[in-house]
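Going by this note's numbering, the first residue of the sequence shown is number 228, and it counts up by one from there.
One or more hints might be untrue.
Listed below are the simulated BS3-like cross-link pairs for lysine-lysine, each with C-alpha atoms no more than 30 Å apart in a straight line [claimed, not checked]:
hint: 1; residue 1: K566; residue 2: K553
hint: 2; residue 1: K488; residue 2: K426
hint: 3; residue 1: K1104; residue 2: K1150
hint: 4; residue 1: K1005; residue 2: K1051
hint: 5; residue 1: K459; residue 2: K257
hint: 6; residue 1: K1112; residue 2: K1022
hint: 7; residue 1: K1166; residue 2: K371
hint: 8; residue 1: K1051; residue 2: K1079
hint: 9; residue 1: K588; residue 2: K559
hint: 10; residue 1: K1166; residue 2: K266
hint: 11; residue 1: K1166; residue 2: K1047
hint: 12; residue 1: K1115; residue 2: K1147
hint: 13; residue 1: K573; residue 2: K539
hint: 14; residue 1: K1005; residue 2: K263
hint: 15; residue 1: K1166; residue 2: K1147
hint: 16; residue 1: K535; residue 2: K508
hint: 17; residue 1: K1062; residue 2: K1170
hint: 18; residue 1: K1166; residue 2: K1062
hint: 19; residue 1: K1005; residue 2: K1115
hint: 20; residue 1: K646; residue 2: K615
hint: 21; residue 1: K508; residue 2: K488
hint: 22; residue 1: K1022; residue 2: K1097
hint: 23; residue 1: K658; residue 2: K711
hint: 24; residue 1: K1104; residue 2: K1073
hint: 25; residue 1: K459; residue 2: K484
What the hints contain is simulated information worked out from the structure, not anything from laboratory work.
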Amino acid sequence: MKIFIASFFLFLSSLIYSQQPAIHADAVQKGLLNKKEMKETSLVQHVPFINIGPTVMSGRVVDVAVNPDNTTEFYVGYASGGLWHTINNGTTFEPVMDSAETINVGDIAVDWKNNIIWVGTGENNSSRSSYAGVGILKSDDGGKTWKNVGLTDTHHIGRIIINPNNPNEVVVGATGHLYSSNEERGIYKTTDGGKTWQKTLFIDNQTGIIDLAVTPNDFNTMYASAWDKDRKAWNFRGNGLGSGIYKSTDAGLTWNKISIKGSGFPTGEGVGRIGLAVFDKNTIYAVHDNQYRREKSTVKKEGAGLTKEDFKTMSSETFLKLENKKLNAFLKTNGFQEKYRADNVKHLVRSGTVAPIDLAKYLENANSMLFDTPVVGAEVYRSDDGGKSWQKTHTDYIDDLFYSYGYYFAQIQVNPVNKDHIYISGVPILKSKDAGKTFKNINGKNVHADHHSLWINPKNPMHLINGNDGGVNISYDDGEHWIKANQPSVGQFYAINIDYEKPYNVYGGLQDNGVWVGAHTAKEDEEWHQTGHYPWESIMGGDGMQIQIDNRDANIVYTGFQFGNYFRIDRATNEQTYIQPKHELGESPYRFNWQTPILLSSHNQDILYVGGNKLMRSMNQGDDWVAISNDLTTGGKKGNVAYGTLSSISESPFQFGLIYTGSDDGLVYVTKNSGGSWNKISDSFPKDLWVSRVIASSHKKERVYVTLNGYRWDDFTPYIYVSDDYGQHWKSIANNLPIAAINVIKEDPENENVLYLGTDNGAYVSFDKGGVWQVFSKGLPDVAVHDIVIQPEAKDLLLGTHGRSIYTTNIETLQTLNDKVMSKALHVFEMPAIKWSDRWGVSWSKWMTPNKPETTIKYYISNTVDVLVKITTEEGKVLQEFSTKGDKGLNYVTYDLTITEKGKNALEKEYPDEEVSKRKNGKYYLPVGNYQIVISSGKNSEKINLDVK
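Using the sequences and the hints, build the whole thing.
Okay, structure coming up:
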C-alpha cells in the first residue's frame, strides 16, 4: 500500500511539474548538423576570437587517463572544457576534442596500444551545470577526428571500460538524463567497436549507472553501481530504491544485484551514489553516499552555547528566561542585525510579534541546506568474498568529506599492489593505509577542494594524478606534496564584467573558484613563473558570482558568492563589507538564487539592486536595503534547492525606475515607477522556464528582450523574445538558431540592429535584430557561453564561457556591417594608422625570435571568390601582392607589413631620399609613409589608405 501511495504521488507530481518535455535526441542531432552547416556559410566565420584566460585556477576535471608505459603522457577530461592531451607530464596541453560534436565530458577511456580514444559525453556529477552530452564519441587517430558511435539519448555517461585484450569490446555505464526520466540509461555493451550496442542492464527510467569497475586480469568479472536520482530546479533527490551494486561474471552480458538485504550493504530509500574499486576477484571496495538520517544526539556538551536547533523547539517561556549574555553571544556570532539584541528580541517574543523558532528560520537559507542536513554521509564498505557480503570499514562517521552533497563525489580507488591502501574523494581527498579503518587528509595547500578523479601508477603507487574542481595535481610521494598542472584555459565562468581603466580590466566569477580580475592585455603564458606575479588577482572565494564596478571609482566592486552572499569591496584599502539584504525577524526569509542577480543603477552609482524573491534596492551602496516589490515569483516550491527566485534584473538607461525582473520559474515583471506598481508581462511565454536574461534596450525606451532557458527540464530549445511596447506584446526571434539553450543576449551599443547571443553550445550574432543569426566559430569551440559584455571604448566583445575561460574579439567592423555595406559586391573597411618601429624584423639576440609586425585587412564580399591583395604607393606602384580566398561575408587577412625587393626598388625610385634597409630577418618592411591597399576580385576593386607613422 505504501509503495502504491508513493508511486501515485510521484505520478501526480510528474503531471504537475513536468510541463516542459525533454528534447528528443533526434532533434539534438539535427541541431548539431544545422550548426555545422551554418559554420560553413556564416558571414562571421572568419571573425577571430582569442582566449585571454585566466588559467591558473583551472576548471572541473572529471577524469584522467594515463599511458601506463609512458606516464608523462595522459589525457584530462574537463566537465565542460573538452579533452586535453599532454606528452610532457602536464607542462603543456593541447585540446584534442574541439572538432567533435560537443566538449562536455563524462568519462574517458583510452586503448593505448591502438591510439583509440573513447569519450562518454555529458558530465556525470549531476551538478547545477553538468551539461548533457550526445552519447559516445570515438577517435581512431588520437583525437584528430571524432565519430559519434551511438547512445545519443543517454545525456550523461558514468563510466567506460575497454577489454584490454579486445579493443572492440567495450562496456558503458549510462547515467541517463539529469532533469527528466528516460529509457536510454543502464549498461550497454558493444563487441564491434561501437557499431552496435546491446542494453544488458536496465533498472528503471530514473536509475542509471554511475560507476563500473572490472577485476584486474579478468574482464569477465565486473561490478556496476546503480544510482536512483531525480533532479529538478527546486529539489535534488540523490538516493532511492533503485540504487545498489550489481555483478557480472560474463563480461557485462548479464547482471545480478549483490547489495541485497543480509549482504551487509545498505539497502532501501536512503541508498545514494556509490563508487567502486576492485583489487582482485575477492576484494572490492565501495564508497557510499548514505542519505539516511543520523540518529539525533540528545547529549549536549556542558558549557556549550546556544545553537540554531535549540530555538526550533524552545517555548516562549523558556526563551524569556535565557541569560541576555548567552543570547547576545548567539545573536552576534550568527550575524544578526545590530537591532536584534537580547532585550529587544525578548520584547518581540513577549509581545507575540515573533516566536523563538523565528531565530532559527532567520538563519536558514539554501546555502545552509548544503551543510546542515544531518545525513549519515560518506561510508566505506569492503567485501572479501567477491561481493557476497560487505562490512563497513570504520566505526565513526567520516565527517567533512561529503557533507550533504555526496552526489558530487563518491569516488574510491585502491592501490594496485596493496589491498589495504585506499583513497576516497570528496571535498578533501583522504587516504587510508589500514583498509579504511582510519583516514588521513592529503589535500595539500596547493590542491583545490572537490575531487572527482584519481589515478594511481600501478608500477609506482607513490605516483598519483588527481583531478578536482581546480584542475590537475600530481604527486610523487603518495599525496604528501603536489605540483599543479593547470596550463589549459578551462575556467567555468558564471559571469563577467569590465571597467573603464586604461587598459581596462576584466572581472569574472567562476564555479568554485571565486572572483578574479585582470587587465584585458594580460599575457597568458608561463612567463609569470619567472616574475612570481600572475597577472590575474583573486578578490573573492566560493563560487564566484556577478560583478558590478562603480564607474566613478573602479576600486569599488560589488561581488560575492552563491545564494546572494554579496560584498562591497574597496580594492584600494582591501576592505570588504557584507551587504546581503536581510528579512525582518519573524518574516519569511528571502530566497536567493545560486546566481543571485545584482545591478548598479546607470543613473546613480550609489544605487544598487539585488534580486531575491523580491527586488531589493539600496540608495547607499548596500548599507541599507528596502524591498521595492512583493514576491515576483510563483512563490517557490518545497525542496532542498532555492527556487522561486529572481534570476535577472535590468533597468532602462532611458529612465530611472523603469525596471524589469525575470525569475527562475518563468515570470517577467516590469515597473515604470521604481517599484510603486508592477505588471506581469510573461503570460504568453512557455511556462516554468528559467529567465536567463531580461534586457532593457539601450536604443529604444519601449524595447525589451527576454531569453528563457529550459536546461533544467532537459529542454534545449532556444527561446528568445523581443517587445517594443514594454512587454505587452512579444515576438520570437529564435528563427534559424539550432538547438541549444540560451543564456544571454546583448545589444550592440552603437548599432541597434546588431545582437549577440550566448548559448549552451556557442555564440551567435544577428545583423537584423534577430531575423537571421550567424554563428561565430574561428578560435571559439562549441562551449557554453554564460555571459557577454562589451567594452564600448575599445569596441571589444568578451564572452564568459563555462568551460574555456574568456574569449574576446574586436567588433568595430561588425558594428558597421549594415545594409549598405552588404548590398555591395566588395567593401574594404578603413584601417587604423600603424606606428613604425625600428624593432621590426630584429631581436636583441640571434637566439631570440625577431619581432614580426602584422596588421589585419578586413573586407566584406558578397560571394566566395579568389581575391588579390596589393599594397601600393599613392601613385600605384606595387610594393607587395598576394592572393587569398574570400568567403561570402567578413574576411580577415593578415598582412606582415613586408614588401618585395622589387617593391623596395620601386619605392626608392619613387622617393630617392628613402632608403629601405634589409632587416636582420632578411625582410624589407614598409617605411613611414602613406600607402594604399587595393583589393580586387574580377571586375570589382576597392582601395583604402594605409598610413605608417
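Subject >> Hint check against the structure, violated hint numbers in rising order >> reply: 7, 8, 12, 15, 16, 18, 24
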